[in-house]
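Asker: Top line first, the protein sequences correspond to chains A and B.
The first sequence runs contiguously to residue 442 in the numbering used here.
The second sequence runs contiguously to residue 442 in the numbering used here.
None of these hints come from the bench; they were simulated from the model.
Since the model is a prediction, treat every value here as computed from it, not as a measurement.
Mixed in with the good hints, there may be bad ones.
As the list claims (entries may be wrong) - Pairs of lysine to aspartate or glutamate residues, derived as EDC-like cross-links and limited to a Cα-Cα distance of at most 16 angstroms, are as follows:
1. K227/A with E194/A
2. K198/A with E162/A
3. K405/B with E49/B
4. K91/B with D383/A
5. K91/A with D383/B
One-letter residues, chain by chain:
There are 2 protein chains.
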Amino acid sequence: MPDLLVKCMAVLTMDGEEDIIRDGEIAVRGDKIYHVGQAGSTPGDFQPERVLEYPGMVAMPGFVNCHTHAAMTLLRGYADDLPLMQWLREKIWPLEEHLTPEDIYYGTLLCCAEMIRGGTTTFADMYFAMEQVAQAVDESGMRAVLSRGMIGLGPNADKAMEESRAFIARWQGGAGGRVTTMFGPHAPYTCPPEYLQKVMSAAQELGVGIHIHLAETAGEVREIKEKYGKSPVALMEEIGLFALGLPVLAAHCVHLDDNDVAILARRRVGIAHNPQSNMKLASGVAPVSRLLEAGAVVGLGTDGAASNNNLDMLEEMRAAALLQKVHTGDATALPAYTALRMATAEGARVLGLGDRIGRIKPGLQADIILLDMRQPHLYPLFDLYAHVAYAAASSDVHTVIIDGKVVMENRRILTLDEEAVLDQAQRAAEALLRRKEVRGNG
Amino acid sequence: MPDLLVKCMAVLTMDGEEDIIRDGEIAVRGDKIYHVGQAGSTPGDFQPERVLEYPGMVAMPGFVNCHTHAAMTLLRGYADDLPLMQWLREKIWPLEEHLTPEDIYYGTLLCCAEMIRGGTTTFADMYFAMEQVAQAVDESGMRAVLSRGMIGLGPNADKAMEESRAFIARWQGGAGGRVTTMFGPHAPYTCPPEYLQKVMSAAQELGVGIHIHLAETAGEVREIKEKYGKSPVALMEEIGLFALGLPVLAAHCVHLDDNDVAILARRRVGIAHNPQSNMKLASGVAPVSRLLEAGAVVGLGTDGAASNNNLDMLEEMRAAALLQKVHTGDATALPAYTALRMATAEGARVLGLGDRIGRIKPGLQADIILLDMRQPHLYPLFDLYAHVAYAAASSDVHTVIIDGKVVMENRRILTLDEEAVLDQAQRAAEALLRRKEVRGNG
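Please model the complete structure; the sequences and the hints are all you need to start from.
Answerer: Shown next, in the form of structure tokens:
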């Protein structure tokens with residue numbers, strides 16, 4: 001990789017609210033950030049092979065999408081305006097049964113194309129056929145934390161465990177370090193404690209984290225309380241999930257009591273807040289302000305494209321901030337900088353990657369995006385945090401650098417053939433619907 | 001204006017949920033829609049001077065932004081994360097005092113550039129220096145319903161009335177019919193009943209509608225109830241505001257009781273729902289589902305860019321749908337087609353223009369946008385309503401036609417010098433801040 005020097009209007013390092021560097025530059029050596037500072041401050045021994053000089057742009061860390069199901073892009077717009085369980089049982093699960101590994105490969109490529117275009121450089125995925133997911137991530141140049149979704153009830157519980165182990169053995173640290181892995185037990189209501197304990201042992205043995213859905217709907221909390229006499233969070237605490245010394249990535253955490261909030265904060269559980277999915281499925285509003293006050297680690301996720309319906313982290317950040325304000329009745333809740341932190345540095349912490357990505361800081365991996373501020377909706381140029389959090393659009397993302405490599409420039413993705421990705425996804429989706437019609441459900 | 005034939009993947013006429021015309025075409029003669037139907041269905045006597053052939057695009061009516069303060073683009077990002085009254089009193093009003101008519105002209109041009117790029121073809125504005133606003137609208141090629149904001153308390157009440165009368169006399173039906181006007185009494189808490197009655201008489205005399213803020217915050221409702229013993233909506237009903245036989249455009253309508261909902265529905269008051277502004281200022285959640293059930297006429301607005309912080313109707317539509325779902329706990333609330341109707345045909349009704357714009361229908365004004373569906377975030381191509389409502393972005397708007405004239409094509413605005421608009425806005429905003437610093441507040 002050629003060493004790069006990025007010069008721009010301002011660098012939002014996301015390493016402190018005051019840490020905006022006007023007329024800034026970032027030196028990238030290999031896959032890492034070597035230096036960040038004002039124009040001309042890079043040490044003289046750094047000789048970039050390329051200079052990206054964009055005086056009208058803002059540089060910041062790439063967005064970290066903490067929870068998605070990448071290949072569900074193929075199901076985008078297939079079923080809308082339904083509540084979670086009906087949507088899953090009547091629409092999504094019956095169609096997913098007909099997904100092939102090849103479909104998942106094409107769906108993940110589509111996801112990567114969309115995310116790169118929106119400035120996302122890292123995502124956490126839970127799905128199946130993860131070999132194909134990892135291949136697509138590798139080709140796209142993205143960074144990802146991948147987990148094979150595991151259902152602990154029914155005939156495939158053991159198979160899920162075996163496949164997860166094999167996938168982790170093969171891909172942990174893969175794609176030049178851009179792919180890391182986790183176990184992916186789906187949720188407490190689909191993975192009983194005994195199964196989760198097996199997963200926990202395996203995670204400790206292999207030294208990887210755990211990605212789980214937690215407290216997404218009121219119905220789930222009711223079901224777990226009836227069965228175990230405690231909330232999903234308290235149940236996970238009881239079985240020791242949060243005490244492994246490994247990252248735990250808990251998606252949603254919508255329905256929490258005070259004890260749950262205290263547990264999640266004390267245990268530094270990585271929480272993926274998915275406001276648009278929670279809104280669209282009418283699941284509820286996660287108590288993000290209370291979680292942040294308690295010191296919890298909260299990032300943002302889009303969830304899958306079938307319940308969102310895009311993978312746009314700028315939209316997600318905006319939805320998070322606006323929803324928390326109106327829900328708490330406090331317009332000062334979740335201000336712009338906090339929302340931006342959640343989409344970057346906090347998201348990295350949620351994935352257990354806080355010392356590797358999420359900020360513009362020497363020594364961290366060079367995951368950098370450039371936003372072109374020369375847009376009517378971003379003028380006049382006052383508060384840059386407010387502009388990015390409340391006014392910017394995905395289409396403002398001009399250039400994306402991941403692991404020191406320019407993956408998109410001037411809105412052209414350099415790692416993927418975008419036209420082919422769209423056509424393959426369309427063909428795969430049409431064939432999927434035909435298979436479902438011919439063979440029926442199940 | 002040359003007659004146009006628009007050919008596209010599908011026409012969403014917004015004149016009925018089943019009324020999607022695949023492989024469709026729209027014939028535009030002069031400023032009006034002459035014909036819409038399947039490819040080849042246009043009568044042979046129609047000889048277009050230009051054919052816009054875009055097989056990868058969806059055509060639909062332009063968006064109708066029912067409530068904004070256009071020139072507040074100049075204050076975008078100036079003050080954020082504050083509740084309404086503190087934001088107004090401490091930040092916005094003191095700065096607005098230093099706005100010049102020239103500032104308002106440049107701010108409105110910036111607003112028009114942003115709105116055209118996002119597919120908005122009509123907006124309803126309430127501000128001051130409306131002569132300059134109307135000039136900017138005229139130049140931009142947009143359609144607008146303009147009202148001079150009136151405060152009925154204090155020394156400028158009579159001046160506001162005189163200026164409103166003069167403005168309406170001069171601009172009603174101006175810009176080739178693209179500009180219409182309303183009176184703009186700010187709100188019941190700034191315009192007492194006696195003043196409103198004067199406004200109502202003048203409106204009847206001149207035959208124009210009334211644009212007012214109504215029931216935006218809980219504090220406003222409390223204040224009015226203490227003073228008059230009834231809610232703002234009931235007070236307006238009592239003084240006869242809704243019985244003039246003229247359009248009444250009521251912005252916000254967040255805090256409503258059952259009686260208010262019944263009044264607004266029965267009187268066919270045009271309601272501008274501004275979800276993102278209401279969320280950002282923590283004003284509350286308007287009971288849109290209840291209003292729609294009662295048969296009320298509800299459109300969408302962005303409010304000003306200082307409380308949003310953009311003028312993006314696709315975002316607004318999405319926020320409206322998602323917010324209503326999570327707020328009511330019903331994922332079927334405000335489905336995709338309903339949200340799209342609110343952004344188009346219902347918005348037109350809100351402005352009293354339901355028989356002129358808002359649908360693709362022969363005889364209506366030709367306000368048409370083309371969305372380029374060839375985007376990763378819009379693939380695969382399943383439900384087009386869901387794609388536009390839940391996944392599309394402003395940057396997908398490729399072409400904008402207003403009153404039969406191509407105003408933007410391939411994302412280049414043909415009516416304005418965009419670069420000059422940005423630079424003028426930046427200079428105006430910087431000079432405004434300097435004036436405030438030098439002269440202080442007031």
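Asker: Quick one, are K227/A and E194/A close enough, alpha carbons at most 16 angstroms?
Answerer: holds (14 angstroms)
Asker: With the threshold set at 16 angstroms, check whether the alpha-carbon distance from K91/B to D383/A stays at or below it.
Answerer: Measuring from Cα to Cα gives roughly 14 angstroms; hence the hint holds.
Asker: So if I understand the rule, the pair passes when the alpha-carbon distance is 16 angstroms or less; does K405/B with E49/B pass?
Answerer: Status holds; Cα separation ~12 angstroms.
Asker: Holds or violated: K91/A with D383/B, Cα cutoff 16 angstroms?
Answerer: Cα-Cα ~14 angstroms, so holds.
Asker: What's the verdict on K198/A and E162/A, does the C-alpha distance respect the 16 angstroms limit or exceed it?
Answerer: holds (11 angstroms)
When the structure is compared with the earlier hints, no violation turns up for any of them.
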